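Chain by chain, the residues run as shown.
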Amino acid sequence: MVPVEYYTGLSIILFTLGAVGVLVRRNAIVVFMSIELMLNSANLAFVSFARNYEAMSGQVFVFFVIAVAAAEVAVGLALIVAIFHSKRSIDIDQIHSMKG
Amino acid sequence: MSFFLHPLTLVTFFPLVGVIVLLFLRDEQKTLARWVALITSLITFGISLAVLAQFNPANPDLQLAVDLPWIPLAGWEIHYFLAVDGLSILLVLLTTLLTAVSVLSTWTAVEDRVKQFMIFFLLLEVGMVGVFLAQDLFLFYIFWEFTLVPMYFLIGIWGGGRRMYAAVKFFLYTMAGSILMLLAILWLGIYQGSFQVPDLVAKGGIPPNIQFWLFLAFAAAFAIKVPMWPLHSWLPDAHVEAPTAGSVILAGVLLKMGTYGFLRFNIPLFPQAALQLAPWMAGLAVIGILYGAAVSYAQKDVKKLVAYSSVSHLGFVMLGLFALNPQGVQGGILQMVNHGLSTGALFIIVGMIYERRHTREMDAFGGLWKIMPIYGALTLIVALSSMGLPGLNGFVGEFTILLGAWGAGQPGAALGSHWFAGLAAVGVILAAVYILLMFQKLFLGPVTKEENRVLLDLNWREVVTLVPLIVLIFWIGLYPKPFFMLMAPAVDKLVAVVQTAASVALIP
Amino acid sequence: MFFQETLSQAPQFFGLVPWIVFFPVIGLLFNIAFGKKILERGPAGEKIVGWVASIASGLVFLVSVLLLVSLLGHPEGKTVPLAEWIKIGNFQVNWAFQVDTLSVVMMLAVSLVGTLIHIYAIGYMHEDVRHNGDPGRFGRFFVFMNLFIASMMILVSSDNFLMLYVGWEGVGLCSYLLIGFWYEKGEDGLGNALAGKKAMITTRIGDVGMLLALFVMFWAFGSLDFHTIFEKAPQVAQASPGIILAITLFMLVALTGKSAQLPLYVWLPDAMAGPTPVSALIHAATMVTAGVYLVARSADLYILAPQAQTAVALVGGATALFAATIAVGQFDIKKVLAYSTISQLGFMVAAVGMGAFVAGMFHLVTHAFFKALLFLSAGSVIQGVERGEHHLAHDPKLKKHAKSLGHEFDPQDMRNMGGLRTRMKTTFWVYLIGAIALSGLPPLAGFWSKDEILAEANQLNVAVYVLLTLAAVFTAFYMARQILMVFFGKPRSAAAEHAEESPPLMTIPLMILAALTVLGGVINLPEWHTLEHWIEHTLGAAVHKAEFVMLVAVLSTGLSLLAIVVGWWIYNARRYEAFWAEPAARRPDDPLRRLIGPLFDLWKNKYWVDELYWAVILNPYIALSRFLADVVDWRFWHDWFHDQVLVAGFNRLTGLLAVRIDLGIIDGIANGLGKLAQRAAATLRLAQTGFVRNYALSIFLGVVIILGYLLLR
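Protein chains in written order, with my numbering: chain A, 1 to 100; chain B, 1 to 508; chain C, 1 to 713.
Hints were generated in silico from the structure; no laboratory data involved.
All of these numbers come straight from a predicted model, not from anything done at the bench.
The C-beta atom is built at its ideal place from N, Cα and C for all residues, glycine as well.
All the pointers check out, no bait thrown in.
On the chain C side, residues computed to face chain A include the following (Cβ under 8 Å):
1) Q688
2) T689
3) R693
4) L697
Keeping only pairs whose Cα atoms sit at most 30 Å apart, straight-line, the calculated BS3-like set for lysine-lysine is:
5) K36/C <-> K449/B
6) K37/C <-> K370/B
7) K493/B <-> K87/C
8) K185/C <-> K449/B
9) K232/C <-> K481/B
10) K47/C <-> K425/C
11) K300/B <-> K185/C
12) K87/C <-> K232/C
13) K481/B <-> K87/C
14) K370/B <-> K36/C
15) K481/B <-> K493/B
16) K99/A <-> K675/C
Construct all of the structure, not just a fragment, from the sequences and the given hints.
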């Protein structure tokens, strides 16, 4: 059986990749994908610990996260489409109309 | 007796019936409005006569009382408490009589918004009668303030050129004094646990130094109303600008509310303070007598002359009240009535000539006796009454007041010096000086102005307006006994209260 | 003895006494109610109105006679109460009449003279109303006259001081109304009205003295009734003599006003503005003697206050001489008589002041007769001259002459008269009788009364005696001057030349009065002293027994005769005409001026007392009242204090509250909070870059920090 540390290590690597993606990439789609990556790294951590401690709550939590992620993608993609309609671009650095 | 049919409730609130009827009239129905007001006021006068018929002059206490709990509060309660005694019965009669007379006097003088005028007038009557009947301080205060509102509108809407100025001034001055009185009323109510005047008089026992301040607080309201010198500055404005009927009521009744207040509240509630302050009050009264007379003499506007003469006459009343002996107080009460009759009549007389010529400058007249003989003769009688000619009412009042004030000059008595009466007697000369000047400027000498030649003498309505006043002028002058009889027991009781307080004060 | 018994059993009429007031009141009410209607009938109506008033007055006389008869049997008199008047506590005054020997003397004198004057006035006013151009006022005159009789009767018949005061002021009112009867005439059209006002106010100054006397009396005696006061007076005088002195001195003030004594006499000469019957009745015979009556009535008080007595006597004596000298310098026929009245009143006042109450009352009665006679005759003279003037104006032949008279013709100026002796015979004779009586020559009434006063003064107070004797000399002189100027010589104006005698309605009362003047002395001749015994019933011990002193009588008569001779020497017809014939520019106004110069000026201008009063009292008062009214009350108190201090102060206060406090502090706090939030927001918003990645980075940083904190703590 693979020890839980391996899973945790993978999850950390995936999360770091996602976080770096969110911070450095300008394409909104890629940012989105990076966010998904972070969520899934968290999912991975949940299930691995659930398996390790033989507790079901971690697995249940993953279902919630998947559902929330799906909803988030639906809303997020719709927003991106709408922004693309008006701005003809999905470069997030160009979208700063919320500047105070 | 039930609340609604109690005679005192009726006499106070009956004018409201007229008000309700008037509300249903249209604005154009002027004559009808006048008749409604006249009949209402006459019925009210009739009711007050009925009250007089039930009144027992031998009883010094409050009579015909209607006393119902009104606003219950923790510890003490406010009552709907009306009653009449010898101090107030004459003033109630005077009020109802003068209201009827004023309505008649204003028959042709007011042509604009007659209905509203009459409504305000009848409302005013409610307030005035209420002031004289209320025996609960709180109720009294309500009536007292209530009289301001109709009078404010009477001056402000139907007045002369500076009517708004005069109305506002009248309102504010009176309000200013009333506030202090309200504070004193509240203090008294809380301290003594009751708002009913008879209770308060019976309890007494307020420490003298507190009496002193309470006396001053009440006096602030009343002295402005009287008006005592030097608080009279609202009076010439209000009198001159008010419409004739307003001036009659103002001089005839509203000023009496001030002197009545002293009589009903200040003296019996705070007897020691009254004794202590009597020389000061009498001193101000004497200054008022002389000052009012001197200032009257220099006036060019006849209405202003009469207005200032009120300062002088009310000075006599105050002097009498603060002589604090039966002669002075009874004379003072009678003089209140006298002043209402003769000064009221003088204002009516001035109104008559103003209606004809639309000026009140005395220089615009002269020689009117020849053109208007009836007017001249009636004015002469009223003027003589005002200057205190024996045989007419003014003399009986002034003489008894001065007699009382002189007697109060005995050592140890209220005033402690004959100077008050002696100087006030000089006011009798000065009264002749300004009254005769007025009569001369209006009626004597040759007719100098052409427009005066065509003036019409009084018509029957105007004569009828003056006749009741003149009958009373003679009656009180020749046979004042019934009037003194009505007030004597109550005044004796009042004087006894003060004397008891004096004897207490003498014991250290 | 039999006579006495019949009298004591005779019916008593004391109960009738209120009618002496009611009759004239009924008369005046009748004339008020119907006078106007009746007068529309013209002269016949005037007769009705006049006779109603005269009968009312005549009935008063009748009642007075009945009272006299009753008193003969019961000289102690009686008090007749009518009604309770004022009652307050222990103060009680009734309407009550006192019939005693003193009051009946006054009633008789007043009603007798009053009735005669009423009748005279029917004739006089008939012409007067036409001359003054308002016949409608005829009725009013008689209303006032009846009112006067009523008031005078109240005055003399009262049984207490307050009711006396009612009459006292009541007669003052009638005097005011009647002086100003022609209120549109006189100087500048206001002269008469002003004269009336002056009379009323001047006497009212005295009346206040009376009021004060009443106050002192009540608080000292507990009553104002005569009998109570007089009974208690000796006790009170013993306990505190100051009280009696105060009362009597206050009464002296009242007396100087009503009886025209120094220093309040100034109204009486002006009062001549009234129609002449008024001058005769009110300002000579009756009202002005009220002060004398007052002192006589209060005899019981005065004898307890010798200082007051001296004061009264000196005031009377000084006035007598003072006024007599002024009378010498007057040209107006009525003014001479007016000052003569003041002077004669001085005699009476001096008499009652010295304690010679009977002498004073005696002179009061005889003076009422002869001074009424003189005034009425003077009225007859004036109307005679006016008739002459009227005659000229309406006679075409004489029109030119009339024009030369101009408008300034004064029918009362003695310089416009002369020679009336032949034109107005009756008037001349009665006038002469009156003048002789006034001059005090025997055996007319004036002699007996004046002489009694002088005899008493000689005995009681020498200073007063000297003053009065000198006054008597002047009296004789000015009467001689007047008679000579008016009736002798040649007429000095066309009007006087055409003067006509008055109608019988006027002359008959004159003749009756003349007869009374001749015979009036009978009531108190020396040795008989009828009046003295009569009044003794009332005044009792206060009456001072008079004695006839031959030396005094001879001296005064001699001096008077001398004065008349001097008068004749200066003003006799020949001399005066020669004087008058000189060119007007070169001669002075009167021959006397050549002899005494500035002294005459002093008298003619009445010692400038009027001017003095104007300067010292009236003008300052007017200035003071104007100052109080305009400056103190209006500009300072009403405008400045009220408008500037109160209103402006209030406005400033509210302004302060509104701008500084409300806007500055209250709003400041609220606004400040808002500003603070704004500033903070402005700073904070810089953090909002709008770049999503910035936000993300800060979230990560935040996470790192929190995690770091959690790990490293």
